[in-house]
Amino acid sequence: MTPSQHSDTTPDGDWFTIRQVTHADLPDVVNLDARVTGMQKQDYWDDIYVRFVERGNDKRFFLVAQANDAADNPALLGFVVGEVRAWEFGSAPCGWITGISVDPDSRLHAVGECLFRSISEKFEAIGITTMRTMVGRSNHLLMAFFRSEGMMAGPYLQLEKELG
Amino acid sequence: MRLQVASRLAIFALIELARDPEQKLSVGEIGDKFGVSSHHLAKVMHALGRAGLVRSVRGVGGGYRFAGNVRRVTLLDVVNLFEDISAVEGERSGTAEATDAGQALGVVLDEIDDIARATLGSITIATMLKLMDRQKSGGTKS
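Going down the list, the sequences are from chains A and B.
The C-terminal position of the first sequence is numbered 221 in our numbering, with every residue numbered one higher than the one before it.
The C-terminal position of the second sequence is numbered 1279 in our numbering, with every residue numbered one higher than the one before it.
A few of these clues could be false.
Cβ-Cβ distance ranges computed for the label pairs, FRET-style [stated by the list, open to error]:
id, chain 1, residue 1, chain 2, residue 2, range
1, A, GLY211, B, VAL1245, 53 to 61 angstroms
2, B, GLY1165, A, GLN77, 55 to 63 angstroms
3, B, ARG1271, A, ILE183, 18 to 26 angstroms
4, A, THR187, B, GLN1141, 30 to 38 angstroms
5, B, ARG1202, A, GLN215, 35 to 43 angstroms
Listed next, the in silico DSSO-like pairs over lysine-lysine satisfying Cα-Cα at most 30 angstroms (straight line) [claimed, not checked]:
id, chain 1, residue 1, chain 2, residue 2
6, A, LYS179, B, LYS1273
7, B, LYS1170, B, LYS1273
8, B, LYS1170, B, LYS1180
9, B, LYS1267, A, LYS179
10, B, LYS1161, B, LYS1267
11, B, LYS1161, B, LYS1273
Stretch-level coverage of chain A by chain B, calculated; a stretch enters the list once three of its residues show a Cβ under 8 angstroms from a Cβ in chain B [to be verified]:
id, region
12, 193–200
13, 205–219
Hint data in this document are derived by calculation from the structure and do not stem from the laboratory.
Virtual Cβ for every residue (Gly too), placed ideally from N, Cα, C.
My request is simple: use the sequences and hints to build the entire structure.
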């Protein structure tokens, strides 16, 4: 079944599976990220894979959504990356979503929602009660997604300064 | 921040209609719920109709139905129909605003405007309905 055959209002994950990433998924992850962001970041994703998967860490999660039907194209529908960080900026341990992406042609079919909920469950399972992320202020689409999943502005403000 | 009355009424009316896209409500019914005059609300509903966010149903038992996409229409889309939440034209172009202090204050106010736009632009009608459900159940979790 292809994404276009799915309702855009019914959260229905039966046509895809959320699972931990494998090394074989990396080219698809890199390509999806490059398609969405316009930047190819092979080294970055290699490093993420080593730190989140190969070294083994029960507080780091790298999940992918894969279409169950091999005829579906693309097979990799999306991914989410997150980890528990503790005491940075004075914050008690909380789960950070550091990256999430869904194939543009597969959006509005609950893929992102299932990825979000899967990583939420991973965090909850290890006792984490707060989840956090950061979104570009002009990226209304991604911000709208996180808000639709119940995220609100948190108690911290991100500040920055141009150097040089 | 404060929204103009028309913006607030428009948001309330859209949420009320979007609770059940099949239902139709008259201006009087919506006005009664939020304690506003039908006269004022009628102008707001007319603007929402022109924007394609509601559809008027004529005849006995007529009224309005929600006609937008609850997952795509944001609060900013609605507010922009009635007001510009950025600085009022001319408000930041006077003599005082041209001084170094005025320009520094302008940077701060622009930051506030940007945050307000980002917030309103990322909250859809569907998200508002979910937020209301969570408030009703007394929790904040999704």
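Hint numbers contradicted by this structure: 1
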